[in-house]
Amino acid sequence: MSANVETMFYVREKPWHGLGTLVMEAPASADALVWAGLDWKVIQKEVRTEDGAWIAGYKANVRSTDGSVLGIVSDRYKVVQNEDAFRFTDELLGEGVTYETAGSLQYGRKVWMLARMPQRYIIAGDEIEPYLVIMNSHDGSSGVKVAMTPIRVVCQNTLNLALNSANRIWAARHTENVLSRVREASETLRLAERYMSELGRGVNELAKIKLSDRKAMDLMQNFFPVGEDLSDIQRKNNLRMLDDLKRRYFDAPDLLDMGKNGYRFVNAVSDFATHAEPIRKTKNYNENLFLRTVEGNPMIDRAYKMVLAA
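The sequence shown lines up with residues 1 to 310 when you count with my numbering.
I should point out that these hints are in silico values taken from the structure, not numbers from a laboratory. Ideal placement from N, C-alpha and C gives every residue a C-beta, glycine not left out. A few of these clues could be false.
As the list claims (entries may be wrong) - Listed below are the simulated SDA-like cross-link pairs for lysine to any residue, each with C-alpha atoms no more than 20 Å apart in a straight line:
1) K78 / R173
2) K210 / D301
3) K246 / M258
4) K145 / R109
5) K260 / M217
6) K145 / N164
7) K208 / D126
8) K305 / I209
Claimed, not checked - Quick list of the computed label-pair ranges, beta carbon to beta carbon:
9) E205 / I72: 41 to 49 Å
10) D251 / P225: 17 to 25 Å
11) S197 / M299: 18 to 26 Å
12) E83 / S197: 55 to 63 Å
13) S197 / Q156: 18 to 26 Å
14) G67 / I122: 49 to 57 Å
15) N237 / S212: 24 to 32 Å
16) E295 / G125: 24 to 32 Å
17) L308 / D254: 17 to 25 Å
18) K210 / E83: 46 to 54 Å
19) Q221 / E295: 22 to 30 Å
Put together the whole structure using the sequences plus the hints.
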């Protein structure tokens, strides 16, 4: 794992993001925090200059275990401790939800827990497993977020589409009464089920949009143009990426019986976006890929909108 992944566990089978340390039983949040190395607190301290002058209006968020500064935040910022951010999810255990992975990114600045919901959905002939990602930050970059991330079981592609008809992410800022906004299990399940219901409608709509081979190629070239206005290096790189995407659309074994339609195209793009090797792989590539399970993947969303407009 990259140095930016401090600690992480996963249950039984390595998750699609490929990161973590194996444990055999899905834990409750108290145990998960220990296994994930998140059993520490954030302490707020005054911010001072090198010569000792106090800087009004700001606090330093400091990790209790090693004194590292996680972020400088305003006085309005309300700390949400790891145990509090994830404790509300214990209510979900009674509904059959299980925790699958948890961990720390960027030296403790971002922490998360991922839970698998008990329902299984069959959408357009595919088995889809719904996951919830609960994310918190300690550097002031974001609030507490809960995000739906559906996974296509046969190939582990993410289908976290940005739908107009249902929220995929619900969140609260650290300047608000954060926990009252995100803690209710019943509301979390209601929003999750609504998203999955709307996702089913969206996927069925995609499956009805037929694509000729020529149209599919035109859509792919929107991602990776190969025109004469590009430099030789740009054209070479785009051709390589385009060939990879073409193979995923035309030749992927899990898509051969799907028909040539919009759902197949979005799946091919999702497979590319989540599994293809980049031209330049940075040391925190896997972490950034995982973070897109919360924020969404722009390439997948763009493919979805392109097909609807086709």
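Checked hints:
1. Only pairs whose Cα atoms come within 20 Å are accepted, and K78 paired with R173 is accepted, the gap being roughly 9 Å.
2. For the hint linking K210 to D301, the alpha-carbon distance of about 19 Å falls within 20 Å, and the restraint holds.
3. Simply put, K246 and M258 have alpha-carbon atoms about 16 Å apart, close enough for the 20 Å limit, and the pair holds.
4. As the CA atoms of K145 and R109 are separated by approximately 14 Å, the hinted pair is consistent with the 20 Å bound.
5. Proximity of K260 to M217 is assessed by CA-CA distance (about 12 Å); at most 20 Å being required, the pair is judged to hold.
6. Among the hinted pairs, K145 with N164 is consistent with the structure: their alpha-carbon atoms are about 19 Å apart, no more than 20 Å.
7. Restraint check for K208 and D126: the C-alpha separation of about 15 Å stays at or below 20 Å, so the hint holds.
8. Restraint check: the Cα-Cα separation between K305 and I209 comes to about 12 Å, which is no more than 20 Å; the hinted pair holds.
9. In this structure the hint that E205 and I72 lie 41 to 49 Å apart at CB holds, the actual value being about 46 Å.
10. Checking the proposed 17 to 25 Å range against D251 and P225 shows it holds: the Cβ atoms sit about 22 Å from each other.
11. A hinted range of 18 to 26 Å holds for the C-beta pair S197 and M299, which are about 25 Å apart.
12. Taking the beta carbon of each, E83 and S197 are about 32 Å apart, not inside 55 to 63 Å as hinted.
13. Under the hint 18 to 26 Å, the C-beta atoms of S197 and Q156, about 22 Å apart, fit the expected range.
14. Look at G67 against I122: about 51 Å separates their beta carbons, and that is inside 49 to 57 Å.
15. A C-beta distance of roughly 27 Å is found between N237 and S212, which places it inside the suggested range of 24 to 32 Å.
16. Roughly 29 Å separates the CB atoms of E295 and G125, a value that falls within the hinted 24 to 32 Å.
17. Checking the proposed 17 to 25 Å range against L308 and D254 shows it holds: the Cβ atoms sit about 23 Å from each other.
18. At roughly 51 Å, the beta-carbon separation of K210 and E83 lies within the given 46 to 54 Å, and the hint holds.
19. For the pair Q221 and E295, the beta carbons lie near 26 Å from each other, so the given range of 22 to 30 Å is met.
When held up to the earlier numbered hints, the structure conflicts with hint 12 and nothing else.
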